[in-house]
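Novice: Below, each chain spelled out in residue letters.
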Amino acid sequence: MIEIRDVSKTYGSTVVVDGVSLTLPKGGLTAIIGPNGAGKSTLLSMVARLLPMDSGQVMVDGLDVARTPGDALARRLAFLRQDNHMVARLTVRDLVTFGRYPYSRGRPTREDQGHVERALGYLGLSDLSERYLDELSGGQRQRAFVAMVLCQDTDYMLFDEPLNNLDIRHAVGMMKLLKGAAKDFAKTVVVVLHDINFASCYADHIVVMRDGKLFLQGTPDDIVRPEILSSIYATDFAVHDLDGHRIATYFT
Amino acid sequence: MRRNPLAILAILALIALAAAIGFMTIGARGSWSFILSFRGTKLLGMVLVGYAIALSTVLFQTITNNRILTPSIMGFDALYGLLQTLLVLVFGAAFISGLDARLLFLIEVTVMMGFSLILFRLLFSGALKSLHLLMLAGVVLGILFRSLSGFLQRIIDPNDFLVLQDRLFASFNSIDSQLLGVSFLLVGLVSAIAWRIGHSFDVMALGRETAISLGVDHQRQTLVILLLVSVLVCVSTALVGPATFFGLLVANLAYIIMPTAKHRHVIPAACLLAIITLVGGQTLLERVFAFNTALSIIIEFAGGLFFILFLLRGAIR
Ligand SMILES: Nc1ncnc2c1ncn2[C@@H]1O[C@H](COP(=O)(O)OP(=O)(O)OP(=O)(O)O)[C@@H](O)[C@H]1O
Ligand SMILES: [Mg+2]
Numbered sequence: 001m002i003e004i005r006d007v008s009k010t011y012g013s014t015v016v017v018d019g020v021s022l023t024l025p026k027g028g029l030t031a032i033i034g035p036n037g038a039g040k041s042t043l044l045s046m047v048a049r050l051l052p053m054d055s056g057q058v059m060v061d062g063l064d065v066a067r068t069p070g071d072a073l074a075r076r077l078a079f080l081r082q083d084n085h086m087v088a089r090l091t092v093r094d095l096v097t098f099g100r101y102p103y104s105r106g107r108p109t110r111e112d113q114g115h116v117e118r119a120l121g122y123l124g125l126s127d128l129s130e131r132y133l134d135e136l137s138g139g140q141r142q143r144a145f146v147a148m149v150l151c152q153d154t155d156y157m158l159f160d161e162p163l164n165n166l167d168i169r170h171a172v173g174m175m176k177l178l179k180g181a182a183k184d185f186a187k188t189v190v191v192v193l194h195d196i197n198f199a200s201c202y203a204d205h206i207v208v209m210r211d212g213k214l215f216l217q218g219t220p221d222d223i224v225r226p227e228i229l230s231s232i233y234a235t236d237f238a239v240h241d242l243d244g245h246r247i248a249t250y251f252t
Numbered sequence: 001m002r003r004n005p006l007a008i009l010a011i012l013a014l015i016a017l018a019a020a021i022g023f024m025t026i027g028a029r030g031s032w033s034f035i036l037s038f039r040g041t042k043l044l045g046m047v048l049v050g051y052a053i054a055l056s057t058v059l060f061q062t063i064t065n066n067r068i069l070t071p072s073i074m075g076f077d078a079l080y081g082l083l084q085t086l087l088v089l090v091f092g093a094a095f096i097s098g099l100d101a102r103l104l105f106l107i108e109v110t111v112m113m114g115f116s117l118i119l120f121r122l123l124f125s126g127a128l129k130s131l132h133l134l135m136l137a138g139v140v141l142g143i144l145f146r147s148l149s150g151f152l153q154r155i156i157d158p159n160d161f162l163v164l165q166d167r168l169f170a171s172f173n174s175i176d177s178q179l180l181g182v183s184f185l186l187v188g189l190v191s192a193i194a195w196r197i198g199h200s201f202d203v204m205a206l207g208r209e210t211a212i213s214l215g216v217d218h219q220r221q222t223l224v225i226l227l228l229v230s231v232l233v234c235v236s237t238a239l240v241g242p243a244t245f246f247g248l249l250v251a252n253l254a255y256i257i258m259p260t261a262k263h264r265h266v267i268p269a270a271c272l273l274a275i276i277t278l279v280g281g282q283t284l285l286e287r288v289f290a291f292n293t294a295l296s297i298i299i300e301f302a303g304g305l306f307f308i309l310f311l312l313r314g315a316i317r
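Line order of the protein sequences matches chains H and W. When we follow UniProt numbering, the leftmost residue of the first sequence carries the number 1, and every step to the right adds one. When we follow UniProt numbering, the leftmost residue of the second sequence carries the number 1, and every step to the right adds one.
The following block holds chain H by itself, in its conformation from the complex (with noise of 0.2 Å):
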C-alpha cells in the first residue's frame, strides 16, 4: 500500500502540489490523470524520493521513503520518468541490466540475466539489444527504459506518461503488460496517461488532480463522464458505450 499523506511541494511562491492525500491499495492498476502542470510528475517524483517534500509524508508498505535507506526502497518501487536522457553510451541490454543494480551491485547472475532476457522480450526488444539508445527511435528507447523499470522487478512501479512516443500497436501493447503484470503477478502499478480512453479501458483505479490538489478519484465508469471531463479539461466531451467500455470523444 502506498499512502500519501498531505504532501506539499513549493517552489519559490507557487504552490504545485497542495496538500495531496491519497491511498493507493496493494496490487491493481491505477492511472493518473489531469491537465499539463496539474503535479502528476511532481507528486510522483515525491513518492519516488527524487524530489524532496516541502511538507508531508510518504509510506510504501509502512516505510517512510524519505527514512528508508535508499537500497532497501529500489526493491520495492521502481519509477520511470517523464523524461530520461543518458550522458554514458549504453546499449539496450546495458540499459536493462541496471535493473537489476539493486540486488546483483553490477555482479548480474544468471538468475539476473533471465530477469533482463525476459524484460527484452517483453517489450520485444530481443532484437535491438545490442543496439546503443542514440540509434533508436523515440519509441525504441521509451520501450528500453520501461524494460530496465520492470527488470527492477519491485512490488510497486510508478510510470510517468509510459506511452510517450509509442505507436499505437506498442500502446496497447505496453498498457496489457501493465495490466497483466497488476493482475497475474500482484504488482502495484501506477500510470500517468494522458489518453483518456487507454485510463477507461485498463485501469482499477482513476485518480484525477487539477492545480496541484487531488480533484477527483473513483473507477472509470464514475469518471468518464462528460460532465466530469469537461469540468477537468475544460474541453467538450461525448461517451460512449462500445464493447463494455466508455469511451470518451472530443476531437470535434
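None of these hints come from the bench; they were simulated from the model. Hints are supplied without guarantee of correctness; some may be wrong.
Stated by the list, open to error - Short, incomplete list of chain H residues facing chain W, as computed with Cβ under 8 Å:
{"no.": "1", "residue": "L50"}
{"no.": "2", "residue": "D54"}
{"no.": "3", "residue": "Y101"}
We treat Cβ as the ideally placed atom computed from N, Cα and C, and that holds for glycine.
Place chain W with the ligands on chain H using the hints.
Specialist: Okay, now just chain W with the ligands, sitting in the frame of chain H:
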C-alpha cells in the same frame, strides 16, 4: 563485430610496457644499477602521476555527468599557482629551491586539501545546494586566485619570477624521488576506497535521478568521490604541477576507443593511455629526439588539436 574491451586493454598494456622498457633501456650507458634506480624512480613517478590524473578526471566526469570538465574547474590549479606565487614572493626563490621537498609537498597538499574541505563543507552544510553550485564557487574562487597571482607576479623580483614560471609549468620528469613513497601511500589508499565503492560508478554515471531510483545514496557517494578526486588532484599537482588538461585528453580518448562506458573498462584504459602518453612521450622526447622541451607543452598542444578535431567530428558527447 563489436570490439572486445579486454583485447583493447591488453594491447594498451603491451604498449605501456613497451614504452616503459624503452624508457629504461634506450640510450643507457654506464652502470646498470645507477640507471635502474635513476630512471626507475622517474618511471614510477610518471606512472603514479598518469594514473592519478586519469582516475581523478574520469571519476570527476562521472559525478558531474559531463565529459568536458576536469577537476581543475574547482580551482585547484589556480590555488596551486597562487600558493607558489606567495611562497616565492614571501621567501624568495632561493629559499624555496633550497627547502626540503617533503616539507613543500606537505604544505601544498595541506593547503589544497584544506581548500577542498572548505568547499565540501559548504556543500554539506546546505549553503551550496548542488554540485553545480559547488563548481561555480570553485570557478569564481579560481578566478580570484588567478587574478591575485597575476597581480603578485607583477611585483615579484624578475629573477624570482623566472624560477616561479618554471614551477608553474607541469614537468613530468623532475619528480622528486623523496615524495614517491608518501604519494604512493595516498594514491593507494584512494584506490582501495575507489575499488570498494566501484560498483556504483556506472550507476552514478546515469545521473542523479536514475542513481537514486536504483538505490544509490547519490549525495553521499558524490561527496566520497569528490574527496577521492581531490586527494588525487592534490598529489599529482604537488608532484608535477598543474596538468589537468592532460586528464581531459586521456579520459576522452578512453571513452572513444572503448566500446562500452563501463568504468571497469574505461578507468584502466584511461590510466594506461596516460602512462603511455607520459612515458612514451618522455622517451621519444628525451632519448630519440634529444629534445629538451617540456613534454607538458607538447601534450597541451597536441591535445588541444586533438580535442578540437573530435569536437568538430562530434565524437565527444
Ligand atoms: N523545478 C521547477 N521549478 C519551478 N516550477 C516547477 C518546477 N518543476 C515543475 N514546476 C511547475 O510545477 C507544476 C507541475 O509540474 P508537473 O511536471 O508536476 O506537471 P504534470 O502534471 O506532470 O504536467 P504534464 O502533464 O505536462 O507532464 C507546473 O506548473 C510546472 O511549471
Ligand atoms: Mg508530467
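Novice: A separate judgement is required for each hint: does it hold in the structure or not?
Specialist: Status of each hint after checking the structure:
1. L50: holds (5 Å)
2. D54: violated (15 Å)
3. Y101: holds (5 Å)
Of the numbered hints stated above, the single one contradicted by the structure is hint 2.
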